[in-house]
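*Asks:* Take these sequences, add in the hints, and give me the full structure.
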Amino acid sequence: MIVGKIYLEELVEDVLIKRDIKTEEMIETEEIIKIEEIIKIEEIIKIEEMIETEEMIETEEMIETEKREQEVRKDVKDQKEEDNSDQGNLRYVPTPLKPLP
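Numbering (the UniProt record's numbering), first residue to last: 1 to 101.
Distance condition first, Cα-Cα at most 27 Å in a straight line; then the derived DSS-like pairs of lysine-lysine:
(1) Lys67 - Lys77
(2) Lys5 - Lys22
(3) Lys18 - Lys5
(4) Lys46 - Lys34
(5) Lys34 - Lys22
(6) Lys67 - Lys80
(7) Lys18 - Lys34
The following label-pair restraints were derived from C-beta to C-beta distances:
(8) Glu69 - Ile35: 48 to 56 Å
(9) Val12 - Lys40: 39 to 47 Å
(10) Thr23 - Met62: 52 to 60 Å
(11) Glu55 - Glu81: 37 to 45 Å
(12) Val76 - Met56: 28 to 36 Å
(13) Val72 - Met50: 30 to 38 Å
(14) Lys77 - Lys40: 52 to 60 Å
(15) Met56 - Leu16: 53 to 61 Å
(16) Ile33 - Glu54: 30 to 38 Å
Source of the hints: derived by calculation from the structure; they are not laboratory data.
All C-beta atoms in this analysis are idealised placements derived from N, C-alpha and C, irrespective of residue type, glycine included.
*Replies:* The following block contains the structure:
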């Protein structure tokens, strides 16, 4: 009887140990899964930040381009006005014709 009782206790102890090991493995697996999910989320956030940064750069470039175009249009307009004002100051002065020989 004592041998059977010891054997039974050892079996129960083995089962409990195996159950603890499985529980630990499940916990480790869950932790690994959580870590992988966190890594994926971080990668998504990095990608979104890169996209936002790229969009900001494109927007800034568009704004700079628009400013340069406005400056060029203003310069062209100012030049036309200057040319027109110079022409307004010029008058036609007829020169007398020379008689034919």
